[in-house]
Amino acid sequence: MSAGSERPGEIAFADFMKVDVRVGTLIAVDPFPEARKPAFKLTIDFGPEIGTKRSSAQIAQYDAASLVGKQVLGVVNFPPRQIGPFMSEVLTLGVPGPNGEVILIHPESTVPNGGRLF
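Anchor point for the sequence shown: position 14 equals 16 in the working numbering, and the numbering is continuous, going up by one each time.
Calculated directly from the structure, the hints in this document are not laboratory data.
Hints are not guaranteed to be accurate.
Stated by the list, open to error - In silico lysine-lysine, BS3-like type, Cα no more than 25 angstroms apart, as pairs:
| hint | residue 1 | residue 2 |
| --- | --- | --- |
| 1 | 55 | 20 |
| 2 | 55 | 72 |
| 3 | 72 | 39 |
| 4 | 72 | 43 |
| 5 | 43 | 55 |
| 6 | 20 | 39 |
Every value quoted in this text rests on a predicted model; they were computed, and no experiment measured them.
Taking the hints into account, I'd like the entire structure generated from these sequences.
So, in structure tokens, the structure goes:
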């Protein structure tokens, strides 16, 4: 859903619980020149239960080096998605900023990797 889109209808709490949102630490942020829109390839450590997963994110306004070590939230139970030559395994979460750029969602303070959003 993009900014300004119609709001989805109500869902049951059980439906929300099916979406597995976890915290992970960015351990690598690499250029993704093959992407249609400016993006990075992210490698995220979600802790020992889930492991390391990869994601593509249109967050080109960020400095790649400053992102390494930052914690982010991601949906870890969507099926992998092919994005050009890259297989994205998780959906890294963000919200639209004032100029339409993606602002990453992250915990206020450092928490253990793999913690589930509730």
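Structure-based check of all given hints:
1. 55 to 20: holds (19 angstroms)
2. 55 to 72: With Cα atoms ~15 angstroms apart, residue 55 and residue 72 stay inside 25 angstroms; holds.
3. 72 to 39: Cα-Cα ~23 angstroms, so holds.
4. 72 to 43: holds (15 angstroms)
5. 43 to 55: Roughly 11 angstroms between the alpha carbons, so the hint for residue 43 and residue 55 holds.
6. 20 to 39: violated (30 angstroms)
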